[in-house]
Amino acid sequence: MTAIIKTDKLTKSYGSHRGIVDVDLEVLKGEVFGFLGPNGAGKTTTIRTILDLIRPTSGRAFVFGIESSADPVAIHRRIGYIPGEFTLYDRLTGGQTIKYFANLRGNVDPAYQADLIKRLDVDPSRRFKEYSKGNKQKIGLVIALQHRPDLLILDEPTSGLDPLVQQSFYSLVRDAKGEGRTVFLSSHILGEVERTCDRVAIIRDGRLVKVDTVDAFRDLAHHEVELRFAGPVPTADFQGLAGVTEVAAEDHVLRMRVSGPMTAVVRAAARYELLDFVSREPSLEQTFLTQYGQETTQVQKP
Amino acid sequence: MTAELGRTAPRATTTSTPLLSRIYGLGSVYGKTLRDSRLAIVIMSGLLSSLVLAAGADYGKTYATAQARAGFVNLVHHFPAVLAGIYGDPFPAHLERLGGMISFKDAASAAVICGFWSILALSSTLATEARRGSLEFVLVTPLGPRVIALEKLAAHLTSLAIVLAVLAAASWLAGAAFGTLPGDEITAEAAIGFSLWVGVMALASGSIAFALAPLIGRNSARGVAGAVTVGGMLVYGYQAAVPAFSFWANATWFDWTSQNQPLAGQFDWTSLVPVALFALILFAVGVEAFARRDLGETTAIPWLTFPAATLGLGGPLSRSLGERLPLAVAWGAGIGVFGMGLGAAASSFGGTLADLSPESVKLFNSLFPKIDLTTAAGFLQLAFVQLGFIFVGFGVATLVSGWASDESSGRLEMLLAAPLARMRWAISSGLGVMAAIGVMTALIALGVGIGAAAVGSDAVTPMLGTLVLGLYAAALAGVGLAVGGLWRPSIAGEAVAAVVIVTFLIDLITPALKLPDWVHELALTAHMGQPMIGSWDWAGIATCLALAIGGLGLSSWGLSRRDVAA
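Sequence order for the protein chains is Y and R.
Counting from 1, position 146 in the first sequence corresponds to residue 183 in my numbering; the numbering is continuous, with no gaps.
Counting from 1, position 114 in the second sequence corresponds to residue 119 in my numbering; the numbering is continuous, with no gaps.
Bear in mind the hints are in silico, worked out from the structure with no lab data behind them.
Please note: incorrect hints may appear among the correct ones.
FRET-style restraints, in silico, Cβ to Cβ [to be verified]: (1) R:Gly301 x Y:Asp152: 33 to 41 Å; (2) Y:Gly171 x R:Glu293: 48 to 56 Å; (3) Y:Arg128 x R:Thr133: 15 to 23 Å; (4) R:Phe142 x Y:Lys46: 39 to 47 Å; (5) R:Phe311 x Y:Gly171: 24 to 32 Å; (6) R:Ser26 x Y:Lys166: 33 to 41 Å; (7) R:Arg136 x Y:Ser316: 50 to 58 Å; (8) R:Asp542 x Y:Arg128: 35 to 43 Å; (9) Y:Gly171 x R:Asn255: 49 to 57 Å; (10) R:Arg566 x Y:Asp45: 19 to 27 Å; (11) Y:Ser208 x R:Arg136: 28 to 36 Å.
Away from chain Y, derived, C-beta distances all over 12 Å, residues of chain R [stated by the list, open to error]: (12) Ser33; (13) Leu140; (14) Ser323; (15) Phe399; (16) Ile455; (17) Leu559.
Note that CB positions come from ideal geometry on N, CA and C, so glycine has one too.
Build the full structure now, drawing on both the sequences and the hints.
Here you go:
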């Protein structure tokens, strides 16, 4: 498949401060790609470098096959972008702001623009400075989406949005995907990424920690297993089983972490009178936290 | 589950705040505000001291003999009504003394300059923090809103006291260093009295802004306080020329303290009491308004609104012009009205010149050679141009600052995400600033022309001369755009303001201190010719054009090379 975004050892330093280091990313056409990381991990720096708003210290970034520093205008013509933090013209109303950006781009379908305004519940008649944080965010989303860009680059797009508008936003992302467009979504909200994305990259301390599908992240996770026995807890039978770690007993309850297949644990448990068997499915958040604690870098090629 | 309400948590180790950081530093609201004011303290101390020292040096050397002093006194006493108030003091005392001369020429200016500082500081000390949200964090500390407001106010008072102490020392030094005749010395009492007067006047201006900022917002409060301050000085100064002003002049603190001219050795301490009380009451209003009103909730006062068509939604050039237009119109109209008033005063001045003694006429002509002061053009060259350069310069600083806010506020990131090359944005938006300067210049020219035409004088020459002000403004904008494009947008406006202030100081100090010509020629204003009378300095004009065009080019080149500010 065609790579819409591709970075090659992309590095950005701010003097003695770390930015990003050797980031290798590949975002494919038509996918919704999540970019996860804690605050200050380098998400925004990566995005700004991809968009040629800042220049890499080393390495290269390509969007639509064009090197970002070579012809940024050609790239910008086909993207929609909402920064993590922004401000617009205080004196203009929301509607005038949207119109101005439509004029800058050209080829905006007024019907689609009106539809976006309606779906995101925007009041375009108020001055920008009078909007709440969430309403300013909605104006930014309309600006990013109104020209139906081939690539949406969204830096924490749901920040400040109420849950209903968040649903509308997720629906718009699904629409974009349905139309074969690509979405690059930076977030630190794991539920958001889990809900909307096909693949996820995790960045930490400026370096990519992992890139994989959302499902793969779930599969990788350790299951939390809790067994309640009628009699004494046979701790020794479970220690040493393949994939089992952190075995701990308390009264008649045995807790453990299990990675990979559960068969050995089920067979061992079946030899005793068992009152309860609980296996908790991991959330992406747990996976993320587990991953965040790891030191190794594992980047799965698409 | 048992609730354990009211139970005191074990006492943990807590940090203590050193006394020094409470006074100056991050230990208290007062300390932090004072710390944030350090640059302003340095600038204001330097500006006011330079003003007094330069005036002392100038007068001490120019009027070193009793005969020269008598000529000067005669000249001032024969000033026409409209000129009597040009420095804001229509009733000067002891003009034969050095202190009297400094007081006549610069006391009102010092009070207004210091007043502007107080207006800026006191209008924004709470409002700016409220706007950016940091005040909410401060307000949820155990400090009450009144305490916060009072601490911020106290910090400004402390800053002002430091500046005034430096001013008092400079005033004393001016008398000691530049006095040439008996009575020229400026006593400690006179120096302190002068500083106190400047301080009280400044606080009166600042108190209006402080009281109004929580009610109508920072910018509107600044506008009202600035208008009251400048309007007060003009009404008081020009009451002899415009009889209708007399009634209003009585309501100004310039009038209340007219008999208090400490540098001239004339004291009226009690006249300061009503001004101080006025400020005190407004400070109390400001503190209460801040404490009682919802944070950040202000009532907009209706200003002139521009039609939607002027917003310029078509592209970056028109948007840049549309965004700057209200400010350009305000500056242009304000300076234009000033020019119109001076242009219209030319015939009055000409008539008075004819009544002067031959010695005074000779002295006058020696001071202003090549200028026919009986014409509107000549009078405008004498009275308008120098101030015009300063006003226009500060106007450009605000326009460039607005241009730079596209990047410093984060708008540019969204703009450049559109198919808009950096170079195109920089050139288009920079041209928008230049177009705004064009609007400002046209309004000034209109005002000057109307004033000159009103007295039947040639209007075309001074109107064309106003273009030189526009070129100077474009050159300053070029400097600001270059600084913003090459380095940091956040300092572009400040860079322009710095050039204006340095130029003003070079103009002021070089002749006074008899410094070499090349020092004076560093100031761009030294190369502007005498445009109001049709004498253009083409080298200066070429320099202005080069700075404007070069600045625009450097701005776009610089921006295309560096990272866009986050």
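Hints and how they fare:
1. In this structure, Gly301 (chain R) and Asp152 (chain Y) meet the distance hint of 33 to 41 Å, their C-beta atoms being roughly 34 Å apart.
2. Checked against the hint of 48 to 56 Å, the C-beta distance between Gly171 (chain Y) and Glu293 (chain R) comes to roughly 33 Å, which is inconsistent with it.
3. At about 19 Å, the CB distance of Arg128 (chain Y) to Thr133 (chain R) agrees with the hint of 15 to 23 Å.
4. Look at Phe142 (chain R) against Lys46 (chain Y): about 41 Å separates their beta carbons, and that is inside 39 to 47 Å.
5. For Phe311 (chain R) paired with Gly171 (chain Y), a C-beta distance near 29 Å keeps the hint of 24 to 32 Å intact.
6. Separated by about 35 Å at the C-beta atoms, Ser26 (chain R) and Lys166 (chain Y) satisfy the suggested range of 33 to 41 Å.
7. With their beta carbons about 53 Å apart, Arg136 (chain R) and Ser316 (chain Y) fall inside the hinted range of 50 to 58 Å.
8. The supplied range of 35 to 43 Å is met by Asp542 (chain R) and Arg128 (chain Y), whose beta-carbon atoms lie about 39 Å from each other.
9. Look at Gly171 (chain Y) against Asn255 (chain R): about 53 Å separates their beta carbons, and that is inside 49 to 57 Å.
10. Separated by about 22 Å at the C-beta atoms, Arg566 (chain R) and Asp45 (chain Y) satisfy the suggested range of 19 to 27 Å.
11. At about 35 Å, the beta-carbon gap between Ser208 (chain Y) and Arg136 (chain R) stays in the expected band of 28 to 36 Å.
12. Every beta carbon of chain Y lies more than 12 Å from that of Ser33 (chain R), the smallest distance being close to 30 Å; the non-interface claim holds.
13. Distance to chain Y confirms Leu140 (chain R) as a non-interface residue, since its nearest Cβ pair spans about 17 Å, more than 12 Å.
14. Residue-level check failed: Ser323 (chain R) sits 9 Å from the nearest beta carbon of chain Y, not beyond 12 Å.
15. Every CB of chain Y lies more than 12 Å from the CB of Phe399 (chain R), the least distance being 21 Å, so the non-interface label holds.
16. At roughly 30 Å from the closest C-beta of chain Y, the C-beta of Ile455 (chain R) stays outside 12 Å, upholding its exclusion from the interface.
17. Against chain Y, the non-interface label of Leu559 (chain R) holds: every CB pair exceeds 12 Å, the least being about 19 Å.
Hint compliance for this structure: hints 2 and 14 are broken, all remaining hints hold.
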